[in-house]
Amino acid sequence: MIVISSFISCKKDSTTTNSYLTHLPKIKGEKYQVDTVNSVIYWTGFKSSRKHTGTLKFREGILICNQDSIVLGRFYMNMSSITVTDLKNKEDQNRLESHLKGFVDKNIKDLFFMYSNFQFLTLELLIQK
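For what it's worth, this note's numbering labels the leading residue of the sequence shown as 76, then goes sequentially.
The set of hints was computed from the structure by calculation and includes no laboratory data. Hints are not guaranteed to be accurate.
To be verified - No more than 25 Å apart at the CA atoms, straight line, and that leaves these computed lysine to any residue pairs for SDA-like: (1) K103 - S155; (2) K101 - S155; (3) K106 - I116; (4) K165 - S155.
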């Protein structure tokens, strides 16, 4: 699966009070908190001759920039928000979303994201020079 992230908007962070963002490394720079209402990740998943596209919403996230360069990014995505956007048939769309979340068959062990065990996805970027 290839993930393409698109930040539609961010806002300056006045205080970091979210539990996932309280233990950030001591890095100097301007902090920008992800606007979780207006930001989304666009994803594309490939399988042999087929592909699917969709979106995933942020639970929270932060970017720290120093002199116009990103030095740290920490993002948390809510896996229950995963949607499929390329299927027009609602039944097919619901089936694939359920499969990705692991809600199809409890007896199948190799479901994609196993949402019942892993509700959130974490992505961290740390740039060192």
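Here is what the structure says about each hint:
1. K103 - S155: violated (33 Å)
2. K101 - S155: With Cα atoms ~31 Å apart, K101 and S155 exceed 25 Å; violated.
3. K106 - I116: Given pair K106, I116 holds - Cα atoms ~20 Å apart, limit 25 Å.
4. K165 - S155: holds (17 Å)
In the structure shown, a violation is registered for the earlier hints numbered 1, 2, in ascending order.
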